[in-house]
Every structure is written in structure tokens, then in C-alpha cells.
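Undergrad: Put the complex together from the two separate chains, hints included.
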Amino acid sequence: MIRTLKGRPISHGCGQGVALVTSESISFLGSVDPATGIIVEEKHELKGQSISGKVLVFPAGKGSTVGSYVMYQLKKNGTAPAAVINRSAEPIVAVGAIISDIPMVDSTEPDAIRTIKTGDMVRVDGTQGVVDIL
Amino acid sequence: MHLTREEEALLDGEMGPTLQTAMELLTALGDIYGADSLVPIKSTQIAGVSYRTIGDAGLEWISDLNGKVVVPSILNPAGMDLERWREMGVDEEFAAHQIRIIEAYRRLGIRCECTCTPYHIDASLASYGDHLAWSESSAVSYANSVIGARTNREGGPSALAAALIGKTANYGYHLDENRAPGISVQVDCPLSGADYGALGYLAGAQVGSDVPMFRLRSKPADIELKALGAAMAASGAVALYHVEGITPESRSYHPPAETITIERVELDEVFEKNCVREVDLSALGCPHYSQEELESAARLLDGVKVEKEVWIFTSRQVRDASPDTVRKIEASGAKVFADTCMVVSPATDRFGCVLTDSGKALKYIPGMCGVGAALGSIRDCLKGRITTKSPGERRDEREGC
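As given, the protein sequences belong to chains A and B, one line each in that order. The numbering used here puts the first residue of the first sequence at 1, with every later residue one more than the last. The numbering used here puts the first residue of the second sequence at 1001, with every later residue one more than the last.
Rather than coming from a laboratory, the hints here were simulated on the basis of the structure. Be aware that one or more of the hints could be misleading.
Here are the computed lysine to aspartate or glutamate pairs in the EDC-like style, where the Cα-Cα straight-line distance is at most 20 Å [claimed, not checked]:
| hint | chain 1 | residue 1 | chain 2 | residue 2 |
| --- | --- | --- | --- | --- |
| 1 | A | K62 | B | D1031 |
| 2 | B | K1219 | B | E1177 |
| 3 | A | K76 | B | E1060 |
| 4 | A | K6 | B | D1031 |
| 5 | A | K6 | A | E90 |
| 6 | A | K75 | B | D1064 |
| 7 | B | K1328 | B | E1087 |
| 8 | B | K1068 | B | E1014 |
| 9 | A | K76 | B | D1122 |
| 10 | A | K76 | B | D1056 |
| 11 | A | K43 | A | D125 |
| 12 | B | K1308 | B | E1278 |
| 13 | A | K75 | B | E1060 |
| 14 | A | K75 | B | D1056 |
| 15 | B | K1042 | B | D1122 |
| 16 | B | K1328 | B | D1349 |
Extracted from the complex, chain B is given alone in its bound form (with noise of 0.2 Å):
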């Protein structure tokens, strides 16, 4: 890999040890990864943070190191709303583990925004053409093929070194050769809110990490294609797609050859997959909602009383900017959590199914958080049951949306 007389200083060590590791661990990574340099970044996002996913290993290594980071750089979601943890039923010793790693990072520099949508609370951290270096898969996706940034999909310590050097490894997606569809994947009918994330869910385990362009009849909206990518992301190892005639680079290339069809009827069976046990607590915000996705929200909610404990998680500046709607969401005894979501925090341990509108937490909840989980669209899971039960109510549902 070429390096310029600066970062071989660096390596060298002539700025001090973290700096140094912090270069090797980049330089490193690029030789494993073939990169020739290192490019610039704007932003970083950092993983590891839960002290649920990175428990004391990652606590003691990140309260070791000593520096500042030299890019705005922000961290993925914790264990627990840092405010309303109690609330969740989060023990007092995991919360007290917590606010040590976000200290830790905090000391750092780095603005301790914990949340997986980074495009949600600050449009400068990433634009068309700018190269990063994000770690939390639906981030990394949705910067990719969303916006039209370039970043690969980081561990947290690769991420907190490019954030300390202000560059990362060029390889992967950073490179034009790489972000070139290689199938498509054919939906011919139409499509709506939580349909987006069954969708992922079937075309991730199907792709796996290849790039894939789709041709939708329906035109996704953003929060839309968010649902959509993280579900493919965490079912495959999807980092970039491509929506011809949407996404900003799918202009740039004709759909594969080679292509996937997907029917209705799989993406209903995607919603039958229902829990063993009964519904005891609906999870909406994985990713983490939106400003318009909490109103919209707020509006079914509108003279509800939920009957089960329904979580809705967002990011700590989408909540505080809408105090409004917040307000209006749980007076029906919904509770809006920040900071965190079902997937990472130990509080979705206590429940027995989730239902959620999310096609990555349907993937995920299982697997890390040993309990069942369905996907339901966004009413069902504010009513906290599946009340639709044919594809043909499914779709009069849809319509009416």
C-alpha cells in the first residue's frame, strides 16, 4: 500500500502510540483487503458500544486509549435509553457498565449520538460521493445506496481508527469497480411500509453479498428503501443496491441479466411466520424512526390505548425535536425510547415474541435475544396484534394507508 511521508510517520510512531496502532490497524486492513492508499473521510459511526455486544473486552480497550478523533464521528445504538433505562427494565449494574463505555468514547471526542441512522440527524455527515467510514450495517447501506456515499461496512475498532487518523483503507466499496450491480431482483406488485423490510428479508438471504438492482412497480419513499436495505443486510450481507430509477447511482447501469423474481405470495408468508406464543411487546424503530415516521405514528395512535407495551426507539435528536408528537405517542401508553433499540439492549430478554415492523429485527431478535418474533405492519403492531389476517385484508390495509 502507498503511504505519503505523513502516514509513515504516523506508523512509525513519531505521533504517539495511539495514533501509531491506529495506523496500523488501517494499514493492515488494507493490505488484507488489496486497498493501494488511503483516502479521506467525512464521517465515522461507531460500532460497539452495547455493553451487551462488546461487555468488558471492549470497555477496557476503549477506555485505554488516549487521542481525538479528527472527523465528526458518531457511535451506533447502546444497551439502553441513557435517560430512560429504568423504564425499559434495565439492572443497574449493566446500566452502571454502560455509562462507562460511553464516557470512554465521549473522552475521545466523539459525539455520543447513539443511533443507526446518522442521515436522520445531521445531512452534513454524509453527501453523494463522499467516502466514510460507518460500521452499523443499515447505516452503511443506506449511505451506499441511499445517498450515493462510499463506505464499507467497519468493525469498531477499524472505525475508531479512521475516525483518530481522519482516513480509511480504499478498497471494497470506496472503489467504482465494486459498486456495479450483478443481478436483479424483479417485484411486480405493488409495495408499502412494512413490505419493504419482508422484501429485504427474502432478497438478502438470496443475494447474499452481491449487489443487487431492483425493479419495483412501486416508487419507495426513503424510510422506505431504510426498511428495505436494513432487512437485506442483516438476512444477507447486502452493503449497496441499486433501485433503477430511484437510487442516485442506478442510472449509471443496466439491470443484470440474471435475475431474482419475488411474488406476492412469498412476502406474505414472510408475515405468516408468526411466534408460538402470544404477542407481548411490539417493537417499531429498526432502524431507528424518523421525525415522519414517529408522526405518522403519533396519527394511528391518535385516541388509542395500547393493550401490550409497545416500544417505538429513535434517535435521542429525533426525539427531542418532536416533543409534540412524543407527547401524543404516549399518551396512548406507548413509550418512545432513544439511544438504543430491541436488538441491542437486554431489555427485549424479559418478552417472549415481538412483533415488530422491521425485517432486520425479525432476523435478528431470535438469534440475539432468545426470544420469537413475527413481522406485522405498522398498525398491527401499534394495536400490539395481528388483526389482518389474509393477503386480501393485508392489501385493503395497504391501500388505506
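The shape of chain A in the complex, shown without the other chains (with noise of 0.2 Å):
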């Protein structure tokens, strides 16, 4: 069965891989790691996990807008998420996945960080703002 959360779209593209969910907001300047995708703020709960590939579920960015130019970094190494979901967008995520080409939706109805468990197949539709949880 198909579960489709319908939302904004802000990046455009399609993008599908293992969710990886978090409640707490991501700084990418400092918390992850380009060259390898990895979180690595030490208070994170996702610490030690890998963003690359997966579809990355949080409420917003935070910290420096510099946070928008790492995400273009992760993607030009190949460490990028294959699709990000915000409960919010704001600037510097939004700014960092468009120009990185990494698909985005936000505002999806029902809201995604409650619905999307770690661990789903998850397919995101930027263009349309949907998401599918497969």
C-alpha cells in the first residue's frame, strides 16, 4: 500500500530512499560532514548516521547560511540526500536543496516527521509536492 502525503514544493526533481528522521532542527555548516555525509554535531540525535542517499526528514534548518553552499558540497562529492522533507522550510535549506538539485517538499499534510518512521522506502516528488511513503 501506498501512503501519499501531499505538501509544497520547493526544490524541484523526484528523489527516493530509506527515510531518515529526526526531530531536531539540522545546521548543515558544522554538523555534517561534506565529504562523507555524515552527522557530526556531537549533541545530534543522528549522530554517526549517514544523510547520503537517504531521504532526509526534519523540522528546519538553523545556523549559518553558509549551510546552503555544504549541501551543494554534498552533492557535487556524492554524499548529498537523495530528497529532503521540512515540517518548515526556511532559507537556508530551501536556497541549499534548490540549487543542489535535491528534490524538497515541505508543510505535508499529514505532517511528515509524525508519519515517516526511519526506515521507510520514501519516494519525494518536488515538482508536485508529494510524497510517497512505498
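TA: Encoded structure:
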């Protein structure tokens, strides 16, 4: 059975992968190693996990606006997430996803963070703003 | 958001991938902030220039872009004087990366003038009522407040997207309804020079992102408004303020009833927060000095030999336009650097305590450079030490200026 969440398109394109879900915000500058895609922030609940190839589900970005460029580095290094879902997009992650061609959707109904579980296979259509849990 | 047929075509990629990405950025940000449409802009000022701030990640992105900007576009300060970086003590590797960033921007048709004071080098970049996409917080504050132009504080990529498309999303300070003051700030003592930086330092922390309306006994000059706005944008997130009877939009509004009063003694306390260590660098010109400010520094340095490092930052245009003034300043041992400043350059890091005439630099130097900072009058900064201790002495000096 496919469950579909409807959201708002932020960054165009489609991506599919295993979901990695957190209820904590992410600062890409300083918290994610662009070479490996591993979260290195000491106190983050995803510390030590790789975001590479995942559908990364988190509330919003935070921290430095340089985080947008770090997402671009992840993409160029082949360590970027396959897609991003935010509860509420803010400019750092939205800009980062767009310049890096990472599909992104926000404001899904029902809420993605409560609905998607880490390990679910998820398809994100950033052009239509649709998320399918496969 | 409503898009014209032409804008839709750009978004669909009919004009290539760079413009498609640019349009996607503008529409996504417009949707996030509730914009109804895009609005044509007069100019852009693009952040994300110092290699210190954007690093390899930013350099890679800018280097990969293909396109040409369609409105006059200039850059934020870089991490070094693009010619005299060796004199600043910047290393070869940093310089090589910094030059690559500048060249990547140049390829996009951007004027590689690196300054936080676009209004000092080209008045045609912003006039009353113009919509802009500027990035640097003090430039945004000056454009909105002193010129009466309209800009949000853009990030590097969104300013660049606006430069490529010639438009920005119509929200925030582009709209009349967000330009009204929400709080009054009353100052009854006379103010001059670095006092405005101290005032901004205090007011910004109190008003946050609100639009304050100042009621001042003194009549600030434009360069004093520059210092006020810069400090407020650093200690708070103030992108627009009004000064009753002075700034162009102030007559459209009544001062809000909610009022903060700032006293002389509070301003003096800002000057008294000294570094633990002895001052080993005086840094002036944050935001970049105008020609007039350079001339007054030259007058104060006439016949003087400075005892410490004294660096004055300005734009390349102002430096090139004032060779005699620069010669006079440098005869004292002080240096006039262009294209950069004490906040975005790694050159500041090797010092222990920086004395500055800027409320903005006072706020940023400790965090960004890991260096102590103290606020001084312009005279004290040029002497490299704090000579006026008591409020009374400081007042005498102010009146003597």
C-alpha cells in the first residue's frame, strides 16, 4: 500500500530512498561532514548517521547561511541526501536544496515527521509537492 | 505567487538551467515569505565573497554557474585587500582561493567592487523608492532607512539569483505595511561620531527585528546614520529605522507610543567595556569609510606618527579617488586598505585586542575573529589607545571635534 502525503513544492525533481527522520533541526555548516555525509554534531540525535542517499526528514534548518553551500558540496561529493522533507522550510535549506538539485517538499499533510519512520522507503516529488511512503 | 508568462518560461527551464535555478530560488523564497509576485530591481549587492566565510563550498558553487547578470551588481567585502594582501599578513593559500572567488563572480558580469557601502561609490545603484536586492546588513539598513529604497536582507544565492533575473520576490521591506515604525527610541543627550555606533549597539539589542523610530536631540549626518544602522543590524536584526525629522520616510509616520529611552551613562558604558589585553590594532572603517571620513582621519593624523598598527578600511573607488588623502594618512604609519574589513578578513585574528570606532565591529570581532574588541572615539582609535577616560573628558573631546 502506498500512503501519499501532500505538501508544498520547494525544490523541483524526484528522489527516492530510505527515510532518516529526526525531530531536531539541522545546521549543515559544522554539523554535517561534506566529505562523508555523516552527521558530526556532538549532541544531535542523528550523530554518526549518514544522510547520504537518504530521504532526510527534519523540522527545519538552522545556523549559518553557509549551510546552503555545504549542501551543494554534499551533492558534488556524491554524499547528499536523495531528497529533503521539512516541516516548515526556511531559506538556508530551501536555497541549499535548490542550488544543489535536491528535491524538497515542506508542510505535508499529515505531518511527515510524525508519519514517516526511519527506514521507510519514501519517494519525494519536489515538482508536485507529493511524498509517497512505499 | 503570481508569475507572468515570461517568468513561467524561465521556471520551466526554457532559458537554460542557470536561469531556471535562479527563478526557482526566487519563487521558493517568495512562497516561504508569502510574496504575491516578483518586482523589478535597480541593483544587487551580493554577499558570500570572503573565502573566510563561504570556504570551498561557496567557491565551488559560484565557479559552476553560467550566466550574466542583468542589473548592476557589486560584491560584499572580500577577505583581503585584493592588491595589498601581503601587507595585511594574509597567506598565499588564502589569497589564491580569494582571487578565484572574485574571478568566478567577474565571469558572471558582476562588478568586482567589494564594499559594504555601494552608496558611497555609485549613487545610481539606489534612489528613493527603488527596489533592490542587497545583502550586507549595514548596506541594507542604509538603503532602506537613509535612502528610502526597499530591500530585504538577501543571502548570497538569492541576491545572485535576483541579479540574473533582474527581479526579487515582493515581500518584507518591499511592502509599505512592513515599513511603519513599531517602537520609539528617545535620546536626549547630544551625540556625535562613535556615539552613534554605541547607540546602535544598545538599540539593536533591545528592538531585535522591529522598525525603530529615533527621536534625537542631535541631527546626525549621513555617515553617523551609517554607523547607527550598521551597529543595530549587528546587535539586533534591524533592517530599517527612521529618525524623526531626518530620514526620508519619517514624516509619513507618527512616533509609536511604546518608547525606549537611552541615557548618556548607558552609552558611556559601551565605551568602557574594554579588552582585558592591551590594544594592538586600531581598525576603522566598518562600514567602509567615505571620502569625507578619510579626509577627517587625514586631518587628525597630520604630523602624527602612529604607535600601533592602525588600519582604515574603505572601498577601492574611494581610495583611488583620494590619492593625496591616502598619502597623508600613510605618512603617519597608518594603512588604508580596500576591498575588505576587520570583520571578514583573517588578518585580524593574529591580534589580541582591536580598538574600533564601529559599534558593528565591536559586536562581531570577538565572535568571528576570536579577538577582544573595544569601542573608542575616532581620535583614540587613531592614537591606538584610549586617552579619554571619564565621561566628562569624552564630552569635552566630542565638543572639540
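Undergrad: If a hint holds in the structure, say so; if it does not, say that too.
TA: Now the hints, each set against the structure:
The suggested pairing of A/K62 with B/D1031 holds, with an alpha-carbon distance near 19 Å, which does not exceed 20 Å. For the hint pairing B/K1219 with B/E1177, the CA-to-CA distance comes to about 27 Å; that exceeds 20 Å, so the pair is violated. A threshold of 20 Å between alpha carbons decides the hint, and for A/K76 with B/E1060 the separation of about 9 Å falls inside it, so the pair holds. Restraint check for A/K6 and B/D1031: satisfied, since their Cα atoms lie roughly 16 Å apart, inside the 20 Å limit.
Under the criterion of a C-alpha separation no larger than 20 Å, the hint pairing A/K6 with A/E90 is consistent with the structure, at around 19 Å. In summary, the hint linking A/K75 to B/D1064 is supported, as the alpha carbons are separated by about 13 Å, within the 20 Å threshold. A hinted pair counts as satisfied when its Cα atoms are at most 20 Å apart, and B/K1328 with B/E1087 qualifies at roughly 18 Å. About 16 Å separates the Cα atoms of B/K1068 and B/E1014, which keeps this hinted pair within 20 Å; it holds.
Of the supplied pair hints, the one linking A/K76 and B/D1122 is violated, its CA atoms being roughly 38 Å apart against a limit of 20 Å. Between A/K76 and B/D1056 the alpha-carbon distance is near 12 Å, which keeps this suggested pair within the 20 Å criterion. For the hint pairing A/K43 with A/D125, the CA-to-CA distance comes to about 31 Å; that exceeds 20 Å, so the pair is violated. A threshold of 20 Å between alpha carbons decides the hint, and for B/K1308 with B/E1278 the separation of about 11 Å falls inside it, so the pair holds.
At most 20 Å may separate the alpha-carbon atoms for a hinted pair to count; A/K75 and B/E1060 meet this at roughly 11 Å. At roughly 13 Å between alpha-carbon atoms, A/K75 and B/D1056 fall within 20 Å of each other, so this suggested pair holds. The hinted pair formed by B/K1042 and B/D1122 meets the criterion: a straight-line CA distance of about 12 Å does not exceed 20 Å. For the suggested pair B/K1328 and B/D1349, the alpha carbons sit about 27 Å apart, so the restraint of at most 20 Å is broken.
Against the hints set out earlier in the document, violations occur for numbers 2, 9, 11, 16.
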